Amino acid sequence: MKEFYNYLPVLATCFPILATLPLFFIQRSSAKLRDIAALVIAGITLALVGSMYPFIKSLGTIGVSFSGILPPFGISFRADVLSFMLALIASAVWLLATIYSKEYMAHEGRLNRY
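Numbering (my numbering), first residue to last: 1 to 114.
Honestly, the hints are just simulated from the structure, not real lab data. The structure presented is a predicted model; accordingly, all values stated were derived computationally and were not measured. Hints may contain errors.
Unchecked claim - Computed Cβ-Cβ distance ranges for the label pairs, DEER-style: (1) Ser-67 with Ser-30: 42 to 50 Å; (2) Ala-47 with Ile-26: 15 to 23 Å; (3) Gly-68 with Ser-29: 33 to 41 Å.
Positions of the beta carbon are idealized from the N, C-alpha and C atoms, including for glycine.
Please model the complete structure; the sequences and the hints are all you need to start from.
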């Protein structure tokens with residue numbers, strides 16, 4: 001059986017974490033830009049998770065293993081149908097919560113801490 005490597009689970013996991021760095025600097029310049037950037041990050045994450053569907057549908061399980069990290073254990077990122085559904089629900093709820101929280105938190109102070 002030929003091994004298929006797909007980096008979408010890695011991207012869907014690492015993108016929101018890495019996107020916090022530019023967001024940290026964006027929030028210092030403009031509150032409106034901060035809100036837009038947070039929505040874009042959540043939307044891209046949902047799109048990354050959603051883009052795994054065709055591969056999971058055809059292959060069943062996708063992923064990649066990094067055995068050179070933390071030897072002898074390594075790190076692997078794999079997604080099957082169940083983990084895909086969980087990630088899709090979580091990223092969709094995250095996007096909706098980001099949209100809703102803009103108005104919900106508007107009357108609070110120090111929004112950059114939130």
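Status of the hints after comparison with the structure:
{"no.": "1", "hint": "Ser-67 with Ser-30: 42 to 50 Å", "verdict": "43 Å, holds"}
{"no.": "2", "hint": "Ala-47 with Ile-26: 15 to 23 Å", "verdict": "20 Å, holds"}
{"no.": "3", "hint": "Gly-68 with Ser-29: 33 to 41 Å", "verdict": "39 Å, holds"}
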